[in-house]
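Colleague: Residues per chain are reported as follows:
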Amino acid sequence: MALIDLKGIYTAYEGGDKAVIKNLSLHVDQGEYVVIGGPNSAGKTTLLESMNGLVKITHGSASVCGLDVSRSADEVRKRVGYVIQNFYFDPFTPFTVEQVVMMGRFGRLGLLKQPSKQDYEAADRAIRRVGIEDLVHKTIGTLSGGQQQKTMIAHNLAKEPEVMMLDEPFSNLDFHAREYLQGVFKDLVRDGIPTLIVAHAFDGLPDIPIHLVVMNSGTITYDMNCTAGEVEDIIRKECKVNGRCSSR
Amino acid sequence: MLEPLIPNNVVCHALEAMIFVSIACSILGVIISRMALSSIGFTMSHAAFAGAAIGMFVGGNAQAAAIAFSMGVAALIGPISDKAKMAADATLGVLFAMSMAVAVFLISYMEYMGRGLSASALLFGDVISLYREEIYALAAVCGLSIIFVLAFYKEISAIMFNMKIAEAAGIRVKLVYYILLFIIALSVALSLNIVGGLLIFVLLVTPASIASQFCFNVKSMFVVAPVVALLVSIFGVWAGFEFTLPVAPLVALLLTAVFALSVMLSFKRRINTKIH
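Chains as they are written, first to last, in the working numbering: chain B, 430 to 677; chain F, 273 to 548.
Be a bit skeptical, because a hint or two may be false.
To be verified - When the alpha-carbon atoms are kept at most 30 Å apart in a straight line, the in silico DSSO-like pairs for lysine-lysine are as follows:
# : chain 1 : residue 1 : chain 2 : residue 2
1 : B       : Lys485    : F       : Lys540
2 : B       : Lys436    : F       : Lys436
3 : B       : Lys447    : F       : Lys540
4 : F       : Lys491    : B       : Lys447
5 : B       : Lys451    : F       : Lys436
Honestly, the hints are just simulated from the structure, not real lab data.
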């Protein structure tokens, strides 16, 4: 069953002189592990934000979790986990890891409703899944970049998402943490939750079929299944063919 | 409310007004200072100031005009930021300048036309001549601020944490943000002739800044900030009447002094130098 179905979408930022995403189509089924690669400014983050309704789709149709993204962006965001790229929390941020993870449930809960026992249990499961039980009472601003990254992944897992999207989730993580989280994402895929990852480093990818999407200048230049070992070579080749290479 | 305790009506009304203003503003201040939107305070106070000047210019009710104009400015902040793709802070700066220009223009014009307008009451406030209805209005807005925080606590805390992450989590960020702006506009407009357009900013920002020196979580900030504001306001009203000093500026100075002290004493800033 297609959980993501994009047909010829265009996305542009207000004031931009041209579309960032151009005539892009993508189809993602239940339980797919999708790696999105490509050079800087290829439109990878914009693609994720378009699917979340955070950036306006100007043309084409986009359906996520069976919902029209342009009409039901709020509802889509309640069902999609999205770990954003580059966040910073100052050391005085007055929120503990436990509170931040719980916030992942708030969208689904809706206005004026208080978290129930099930919500606390979901947050607790997310914390254990990511392995940050020992950090729950610490304030997020006092953690390392990697620990903050794990907290934000748990925040999105607490939502019990139908689709998981992660923008460079390994950027602050050491090799062990990367491997551990790849295991978490592999479990998500096994549970039928499609997981889309924008990445620049491809070591430690799980040994499952990978739906590889390579982007360049706002369009998809490669969209096929491959193995973990083939990912980096295909991306390098695609970048070379299209005349632009990733910074890594 | 406090008549049985304070027989002097003037002192009683001043104290009641300061209690409600300080609670409402300090609660809202916790939200805006965490969102790095402190400039909402001076933008709204100057919008209320401009609104009051318009009210006086047309010979109408200054306070009603102040509320209407602040509400209008509050309604413009979001759409202008979205449309112009500007940071909310920059939008606030533009609206602040516009409000100030409107107020100064009208006051100068009225002086030129021989219709003198004393802006000092609007700028610096006056706790001496308050009507019962004004106290009720302030009590209502204070209650509204508390209900707003209690009802939307989970959304407010998520927005205070990070607006983009809250939006990505499916929280209706814009709705809560607009309600916040309207309540701030209402609070500031109603407080204008008590604390004054220039000093209301102190009550919005300083108690929250004091609380942030000691509190490790948001819930305690929502308690500590109004308690500090309340204690300082009560002391300020007492000292103001006892020593014949202007109450609102005195409260502002006292709060600033408490803030300076709290920065010096804050244990959050201490660095643990122990080796073992």
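Colleague: Now look at each hint and say whether the structure bears it out.
Modeller: Outcome of the hint check:
1. B:Lys485 <-> F:Lys540: Given that 30 Å is the threshold and the Cα spacing comes to 42 Å, the pair is violated.
2. B:Lys436 <-> F:Lys436: holds (26 Å)
3. B:Lys447 <-> F:Lys540: Given pair B:Lys447, F:Lys540 is violated - Cα atoms ~48 Å apart, limit 30 Å.
4. F:Lys491 <-> B:Lys447: Violated, at roughly 45 Å.
5. B:Lys451 <-> F:Lys436: Distance of about 25 Å is within 30 Å: holds.
Checked against the numbered hints listed earlier, the structure breaks hints 1, 3, 4; every other hint is satisfied.
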